[in-house]
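Enquirer: Add chain B to chain A, keeping to what the hints say.
Taken in order, these protein sequences are the chains called A and B.
Mapping of the first sequence onto the UniProt record's numbering: position 415 corresponds to residue 415, and the numbering continues sequentially without gaps.
Mapping of the second sequence onto the UniProt record's numbering: position 153 corresponds to residue 153, and the numbering continues sequentially without gaps.
Calculated directly from the structure, the hints in this document are not laboratory data.
One or more of the hints may lead you astray.
[Said to hold, decoys possible] Here are the simulated lysine-lysine pairs, DSSO-like style, with alpha carbons at most 30 Å apart:
1. K159/A to K139/A
2. K198/B to K759/A
3. K242/A to K15/B
These are the residues of each chain, in order.
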Amino acid sequence: MSDDNDFNKLIASSLNMGRRTFLKSSAAGAAALTAGGGLLKTDKAEAQTYEPYPTDNQMETVVTSCAHNCGSRHMLVAHKKNDVIVRLSSDDGRYQRDGCYGKDTDEEPQLRACLRGRAYRERIYCPERLLYPMLRVGKRGEGKFKRVSWDEALDFVAKKLIDIKEKYGSQAILDQSYAGSSYGVLHKSDQIDGLQGRFLGMFACRTSSWSVPSYQATTTSSKWTFGTIEDGNEDDTFAHSKLMIMWGWNPAYTFHGGNTVYYMRKAKQNGCKFVVIDPLYTDTAATYDAWWIPIKPNTDAAMLAGMAHYIFDNNLQDQAFIDKFVQGMDAGTMPDWATDSPNGKENFKDYILGKNDGQPKTPEWAEKICGVKAADIKKLADMYATTKPAALKACWGPGRTDYGEQYNRMAAALQAMTGNIGMLGGSAEGVGKAWHAEGAAYPYDQYSNIWFSSIKSDRWAYIVNNYPNVAREEAGLWPRQDNLDGVVPNIRGIFWQGSNWLNQLTNINAEMDAIQKLDLVVCLDQTITTSGLFADVLLPICTHFERHDVALPWYKGHYYIHRPKVIEPLGESKTDFQVFTELAYRVGNMTGMGDKFGEVYNTKATRDYWNNPDPVDEDYLRTWWEDRVMQHQHVEMPWVEFKKHGVYKMKLDRPHVGFQDQIEKGIPFQTPSGKIEILCDELARISDWKKTKYGYHIPSIPKWIEPFESLNHPTKTKKHPYHLITPHPRHRTHSIFNNSAILRETYDQEITINTSDAKKLGITTGDKVEVWNDRGRLVVPAYVTQRCMPGVVSIPEGAWIDLDKNGIDRAGNPNMLTADTPSPAGSFAYNTILVNLRKTDLQHRAGWDETSVSRSHVFGRDI
Amino acid sequence: MSKEIDKAKIKAAVKRRKRETYKPVVPATQLGFIHHNVDCIGCRACEIACKDKNGLAPGPRFRRVSYIEGGVYPDVYAYKVNMSCNHCAQPACLPTCPTGAIFKRASDGIVDIDSTLCIGCRRCEAACPYGAPQFDPGDNLIKKCNMCVDEIDAGRKPYCVMACMMRVLDIGPIDEISDGSFQTTAIGPGDMPVKQVKNMADPELTKPSIRFIAHSKGGVQSKQ
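If we strip away everything but chain A, and leave its shape as in the complex, we get:
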């Protein structure tokens, strides 16, 4: 009976049952038991649906986090038995300081993981896991490998590296590291300055890739306009907005921050009005009951210009704000030097009103370009200019287009002209990066980002395929101050670390041509990937469940999550840090440097790091916590206590709003002028564009520029009449998790088509559709819906290509169709694609091996 009482108390406390109800139900429960006795088996069952079945309380609980490359970072709690993770749960309020089960306050909300995070066991125990080093035995891309020892694999790589550097010089190895699934403060894979960049830079043979696939338009725009990419608010501020304009933003799919979608529910309950501008009626639009404005892809800057015209025309701009904080918005805010500058003579208002080109950018003008009715453009402009605080959230997707930077800059101009910057409930996003985390526990010094050329990331295949007939502006070379300035690299090898870029960059067919021309392709990853199939060497990297690290949010959220080594590394997998350290020792000893290279590369370790990394990792992390987090961020919790809790949630003095100090305290913006630069200083002073990393002319104020293809193209639309967009899927993080059958069960890789278009083409939901343009072909099933703008089709990015003998991708990866022609600012043209489509008999293959299933469900049961 005492057991029953305990159970009833527990249930009462967890279900908010008052004491009265609890007493009543206990008594009734006893009666029911008596009445039901003898008829049916109503007592507690001995066996349940899923015996044998260890309960959470019978297992060891370890707090950790997810670690893939999305804008979020959530808590995962591993429940393990022996050395096997049996299941995962997430934050339930228990683990934080002063935590208890169910604690979930606005100030310190639970960090609940999404479907991708919850499926992590599918990744750890998947049949695609790389468990041993392997060397290619077939042709590149054929997928034939043999297992070798670490000794053999590392010596092969070291010798090849030395050989290539001797023959081709310091630019010959292309660093294509990316945030894969290794994002942590210690074991960092990163495009710019992660562990691989450090290794190749110190080896003095590195071409780096500077443009970021996700959001280069946005980062460039924010750096020009605000002088920083930290233009964001923390997600709790959204609850204070009265109007939320979500431009190309679908956080119901991307999540994008610790609790972004949850706080916006609070905004909705507080009466906030939502507007979604998107070719698709997204789940975000549905959830927040938004006014949906469908727009032709790649025309967003035109619509924003139309809104700006309405605001100027009706004198609704916040002139006081403009006069005080903005440069180049109108004649009155133009700097004196501008009239003599090579590229900065025009102000934004004159451009919008058509003073110089004779074309006022009226809502009617915009309607012809973007397909949104002038009346709606005016209505939205009026709402935005007259509601305060109002958040215009200009997200990244519309920027992943040709001249995507103009969209982001135009949005920033609207944010500035309405004075919605630096205000609680407003927004200057953009990039959206808010609270600044201490990001580097690994050695971060003068060797962290050495490079000998740096290219626009999606130009690598073009460079390889056309070398030496490549101009510097075609490569998008970052300027240097030495004799390597303007020297286009002769790329002979690629290193992938946590990176599936062959699959994820544009124009895969061009990449597949280029990859065959190289002398060395090295892939460090946790699973085989599309890229891995093309590698010469596969080096197995353990997941973050198998090494020690700390997770940090990088987009929104203010917390750290401890990531202890939950289980031992599977197979012979090692950490990235171990691999690069050992490679440094080997290369050093082969080139006469001795152990020096290894010792400087991994400053706290000896060569024994290969066998025993744990004490060194602990040392790095403790030092980072004590010297940076505790010192810089005034955190008092000692390292040991943080490790015990597993999570540290910051309490901020006030909601974090981007540029609040600049507006309230008059602190200058980080731009050359100290103001919000609608007229960009840097751009205004440029005359020789070829010598810049942009390569081509960019106006110094935001302008509408026609993309190389769109639904408005007079001739291209005849051959390829549909505009394809390639948004992020919900069930993958880019290409990560494409191999998870239980995630593939929740969503299909499919093409979304408007009902009227589908009718014309004789396509119904579930039909297989062939999609093509001059760059490639693919096959996907159709999803026919009224939720998609006519003329527009959508295929989510990230499926692992699966080519048939004719080179048609049966998996449906839209990068078979994208163009490798970035905008001047470096934005990838992922959403600038014209295609044609038809119903087909060709089969679609959702997974490489449809029957392959992760072993994770087995470990959930028979253990």
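Expert: Structure of chain B alone, referenced to chain A:
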């Protein structure tokens, strides 16, 4: 799971089952689900949390988030209906079971299956108007949501509820959910829980222990 069949045990159970007259179990407190159809972003974290918790391979899905959409471009709408087992007051599955493997807990009304008695005949699967029982061909068993009884017994809520990023899925005593006295984030200010939404089987069939906050275009006039 390798299952050893105890034929004698099953025979005895069938014999007992035939002798018995079915009399509904009236639980002390009937627990049930509440789901907000509009504020749910449809992310399916609950589904995957459930699959992971219950160690399910692709195939059986205890919890299913259905996407409903309607209207004509550009006046469209969409919402989600999230359902697993509704732990009905009068479960249709229970009397169909030839071995009596399905039972209803007297304490909280959770409907569960004794897997050692299940013979995988799938009669319950056919009987349930909500598609709750799921056949697992790997184990030749019917499995379904048991509201994470182990978590309930430990004083916690089921995995799906604790997975909800929007806090719009919850469990509680169904009477209190119905009359609005149950404190939960699943119900927003001014929201009224309903028993039935569009395209859902008549709740009078089995009296499911689930309530919804319906979309303005997804509601059904309740008969009661």
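Enquirer: With the threshold set at 30 Å, check whether the alpha-carbon distance from K159/A to K139/A stays at or below it.
Expert: holds, 21 Å
Enquirer: Under the criterion that the straight-line Cα-Cα distance not exceed 30 Å, is the pair K198/B, K759/A satisfied?
Expert: Holds, because 27 Å separates the two Cα atoms, which is no more than 30 Å.
Enquirer: Next pair to validate is K242/A with K15/B; report whether the Cα-Cα distance is within 30 Å.
Expert: violated, 66 Å
Of the numbered hints listed earlier, the single one contradicted by the structure is hint 3.
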